[in-house]
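Residue numbers for the sequence shown follow my numbering, beginning at 1 and rising by one.
Simulated from the structure, these hints should not be mistaken for lab results. Since this is a predicted model, take the numbers as computed values, not measurements. Do not rely on the hints blindly, as some may be mistaken.
[As the list claims (entries may be wrong)] Below, computed lysine to aspartate or glutamate pairings styled on EDC-like, alpha-carbon distance capped at 16 Å:
(1) K64 - D23
(2) K59 - D23
(3) K68 - D23
(4) K18 - E71
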Amino acid sequence: MASSGGRDGRGELSTAAKAIIGDQLCQTIQSTSNLLHLMQQSSPSQALLINLPKNLIAKASLAKNTGKVLEQLPHAVASLDGHIESSLKSISHLKTVTQLLSNMENSQLRSVIQLGKTKTIEESHSMDRQEKSEAAIE
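Assemble the whole structure, with the sequences as input and the hints as a guide.
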């Protein structure tokens, strides 16, 4: 439940308080824009005032959108923290999987090497038989 000052139990601003602050920001920007227009029309230093942002009113919606993004930021950070924590817990599993894959690879390499040796021995025996049969023919 929201406590005094528009803050919730965790000390964060409530949604209603944030909306009020956003509206007040927009009103302040609108008032500043109106004041600038009045100053531009009545001031002898109009040339300097023209250099001030002409689209100050357009920036009001930008300020409101920035407020919405900032409001979502704590949730994004908490979500990232959760993913990082989960990843850190998975490191031991990753080491186990890496070891299993390494063992499988070594086993397959041994099988390929053994198969290569067997073929070499068979080819050697085949050549010996062929040489013997050729010698017997001569």
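Keeping to a limit of 16 Å between CA atoms, is the pair of K68 and D23 held or broken? holds, 12 Å
Satisfaction of hint between D23 and K59, Cα-Cα up to 16 Å: Measuring from Cα to Cα gives roughly 13 Å; hence the hint holds.
Checking one constraint from the list: CA of K64 to CA of D23, max 16 Å. Satisfied? Holds - the C-alpha atoms of D23 and K64 are around 8 Å apart, at most 16 Å.
Given the hinted pair K18 and E71, is their Cα-Cα distance within 16 Å? Distance ~8 Å between K18 and E71 Cα, so the pair holds.
No hint from the list above goes unmet by this structure.
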